[in-house]
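S.K.: Numbering (the UniProt record's numbering), first residue to last: 1 to 865.
There is no bait here: all hints are sound.
Simulated restraints on C-beta separations:
no., residue 1, residue 2, range
1, Ala185, Gly236, 27 to 35 Å
2, Gln191, Gln321, 38 to 46 Å
3, Arg230, Arg52, 25 to 33 Å
4, Val270, Glu57, 40 to 48 Å
5, Gly195, Gly56, 22 to 30 Å
6, Pro197, Gly56, 25 to 33 Å
7, Arg215, Asp717, 51 to 59 Å
Derived DSS-like pairs (lysine-lysine); straight-line CA-CA distance at most 27 Å:
no., residue 1, residue 2
8, Lys729, Lys2
9, Lys2, Lys278
10, Lys98, Lys278
If you are wondering where the hints come from, they were derived from the structure by calculation, not from laboratory data.
Positions of the beta carbon are idealized from the N, C-alpha and C atoms, including for glycine.
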Amino acid sequence: MKIIKPSQLSLISRPFREHGREWLGIGVVSLLDMAGEPQLCSEMELWGQVERDLRGEVLDAGLPKAWPEYLVAGRAWSCHGDGAGRCLVELRVADRLKRLQISGERHWQGGRATAAADFEAVSLDWAHTYGGPELAENPAGIGMMVTREAGGGRRVPLPQIEYPDQPLRSPHQAGVPAGLLPLPASHPLRQQRYGSPDRHWLERNYPGYPADMDRGGFNVAPLDQQWPERVDALDGATFSLSHLHPTLARWEGRLPVLVARAWLGRHEQVEAERLTLKLTTVWFFPGSQRLAMVFHGRAGLRCFDAADVDHLLLALEASGQPRDEAYYLDFLRQGLVPGHVPDPWVVDDALVPGTMLRPASEAAQPLRRGELRQRHQQVAARDAAGKAAQALLRHPSHTECLSVPKAPELERELVSGADSRASLQLESEALQAEAARQRPRVEAERDRLLADIRHLGRDTTILQAALERPASGPPAVDGSLHLLESAPPGLQREPLRQQIEQAGQGLCSAYRQGAQYQAPAARLSADDSMARRQALEKAFREGRSLAGWDLTGLDLTGIDLRGADLSAALMESVDFSGARLDGCDLSRSVLVRSVLQRVSLRSSRLEGTNLAGSTIEDSDLVESRWDGSVLDDALVSRCRMTGSQLRQCRLHGTRFETVDLQQASLSEMVLDRLELRNVNCQGSRIRKLAFVQCRFHEVDFSDTDISGLAMVTCQLDHLTRFARSRMVKACFVGGCEFDRPDFSSARLHETNWRGASVAGLSLFRASISASDFTDASLAGGNLGGARFEQVQMVRTDLTDANLESADLLGAYMRGACLDGACLQRANLFRANLGEVRMDSNTRFDRAYLERYCAYPLAADAQDRP
1 MKIIKPSQLS LISRPFREHG REWLGIGVVS LLDMAGEPQL CSEMELWGQV
51 ERDLRGEVLD AGLPKAWPEY LVAGRAWSCH GDGAGRCLVE LRVADRLKRL
101 QISGERHWQG GRATAAADFE AVSLDWAHTY GGPELAENPA GIGMMVTREA
151 GGGRRVPLPQ IEYPDQPLRS PHQAGVPAGL LPLPASHPLR QQRYGSPDRH
201 WLERNYPGYP ADMDRGGFNV APLDQQWPER VDALDGATFS LSHLHPTLAR
251 WEGRLPVLVA RAWLGRHEQV EAERLTLKLT TVWFFPGSQR LAMVFHGRAG
301 LRCFDAADVD HLLLALEASG QPRDEAYYLD FLRQGLVPGH VPDPWVVDDA
351 LVPGTMLRPA SEAAQPLRRG ELRQRHQQVA ARDAAGKAAQ ALLRHPSHTE
401 CLSVPKAPEL ERELVSGADS RASLQLESEA LQAEAARQRP RVEAERDRLL
451 ADIRHLGRDT TILQAALERP ASGPPAVDGS LHLLESAPPG LQREPLRQQI
501 EQAGQGLCSA YRQGAQYQAP AARLSADDSM ARRQALEKAF REGRSLAGWD
551 LTGLDLTGID LRGADLSAAL MESVDFSGAR LDGCDLSRSV LVRSVLQRVS
601 LRSSRLEGTN LAGSTIEDSD LVESRWDGSV LDDALVSRCR MTGSQLRQCR
651 LHGTRFETVD LQQASLSEMV LDRLELRNVN CQGSRIRKLA FVQCRFHEVD
701 FSDTDISGLA MVTCQLDHLT RFARSRMVKA CFVGGCEFDR PDFSSARLHE
751 TNWRGASVAG LSLFRASISA SDFTDASLAG GNLGGARFEQ VQMVRTDLTD
801 ANLESADLLG AYMRGACLDG ACLQRANLFR ANLGEVRMDS NTRFDRAYLE
851 RYCAYPLAAD AQDRP
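The task is simple: from the sequences and hints, build the whole structure.
M.R.: As structure tokens, then:
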């Protein structure tokens, strides 16, 4: 469910069953600072307030209440008392008046109450009023419990909170609990209102509420804090609370008249439906002069777990300032656009009254500072891109490469379940807009430098013509530096030299990251290539470093450079066919569009290497290291990569065909639109890997050790295997399609298969724990002998599946389809089979069904005699 709401509102929702129907209870909570004019607080401040003042009490259950009520969380302060250890608390809310007598600690002595001890403050909770373990109205209270003093005597404490007209006068008198917090769940009033379970309830309403449940069953306040006869009692109500603040004797005011609005959208439903919300609960926090308003409502559900709900919009209006329905529906449509992430401050301004927005408080500052810091980082990154764009004096079309972000943080977010595709698209669009904005400045800077060069007395015609050509190959600024050697004597050369060198650094950095986005570098002629090759081989024989060499376009077929240092070398469009490069350091080099056929790269280093668009075929890459490398649109075919390490690489549109990745280490990557065909990953180690819109054909992950795997909208054929693999924290979402994948004897922990199509899945003798198969299709699957522990199979399609001898102890299978399924000798102890669908071919022969739950019955079963 996608929630679109302002940061000043909090949502509490809960599905429940009533009268044979499924409902979604909705509670919308707003915290207001009432010290002056009412001001809305942030959601973070709300939950901070709850943690401080409620101390374990539940703020709200999200269940729709039949009529209004109020609750108070606070302390009574003796500074407002009579000086004798007593204080009278008075509360007036609307037409309700409630008084509580607060006393310091007392106990019975000889049948008489001792004088009240001095106190600073007493918490107005159930622990300080009359009760005890044997009193259902208040098992947490005092007055019934007997404790021993240190000296061996006995004392019975008196309650510190009482009704003034019902004080305890004798140790044997039964007292009356007096409080302001929700009644305990064991309270007879709450128990009575829940109704009486019977056979009809068991078959049709379990685990919901009985048909005779009182209308006020969801109200939890003491009766003298409820308005059964007035549904609008709290709208604009006045309030006055005395002696509940350390300095303020009386806190009084009027509740602002606010209207909560909500629209709920369902899957496959064109228009959202408006929900009716009523103000039914007010929480007072007198110690901080704040109050929380809770608006309740409900929506009908098709699925008991609200799986049919797609999105929910929440808003708040001030009295007399309504907005029409079209305004909210239009805002909702904008919020549902894929990839659209509105600014949170824009949402706040659009969905709450502007007059009630207050400046960020100290509690909200860390969040605001974090948001601002993130924005500053984004601006700084774009400024850096702009500076690089200014440096593109020789290659203005390099702005295109700057529009493609590296985005390592986005990749990590996708592995953890974030929607990185939309974020990546947004960031890419932002950078493209930034590059377009910077283009005039780049051109102005270029013109200024050309003018400086003309000032040297040099003709710039050739240079200017070169600037107009599409960028190709690595950048060069040596010619511009050479012009300085013959500059007029009076010219200040050093500033211009520094400017040209900085421009060159920016060009080189942009080229290394985005060479694949410019025109391909041309191959050198045979003569030029041979001459430069000979120079390269000579330098290598002499033991010189080849780091940073420009080898663009060379023919290096069959060359032997084993152990060479080629780090940061520029080798776009190089042909390395038949080369021997074992143990080479190729880190941070450019190998864009290179040809590596029949190459030996054993134990080579390719960290940070750009191989986008390259062709790697029939090559030996055993135990090579590829951390941070770029392989976008590359082809890796018929290669051995046993024991290789790939970490934080960028792979988009890469094809792997007949590749041996046994014992490899693959970690911290988002693999987008990959094609994997006949790839062997047996025994590999996988950590934090995400496959997005990838296709798997005959890929073997058998015996792999996997921790952190996401497959989003992927297709896996029937020859894809995970047999005997160990998998922890994995998800297969976004409509993944499997064709009889093999997970036999695998160990799966914390795996998410929600909505996946896994027809013919083999989990034969597998061990699956803490996993979710809700709404997944396992039709025709082989789950025989599998062990399931803490598994959700809600509405799972198990048609014609084999679950013979499967251990389904405690499995939650409500609404599952078991048509034609075989559960012979299966262990269904404590399994939940409520609303499951079965037919005459479903078999439970010799299944263990002790203490299983069959309720509620499926709709068709309820009509059977």
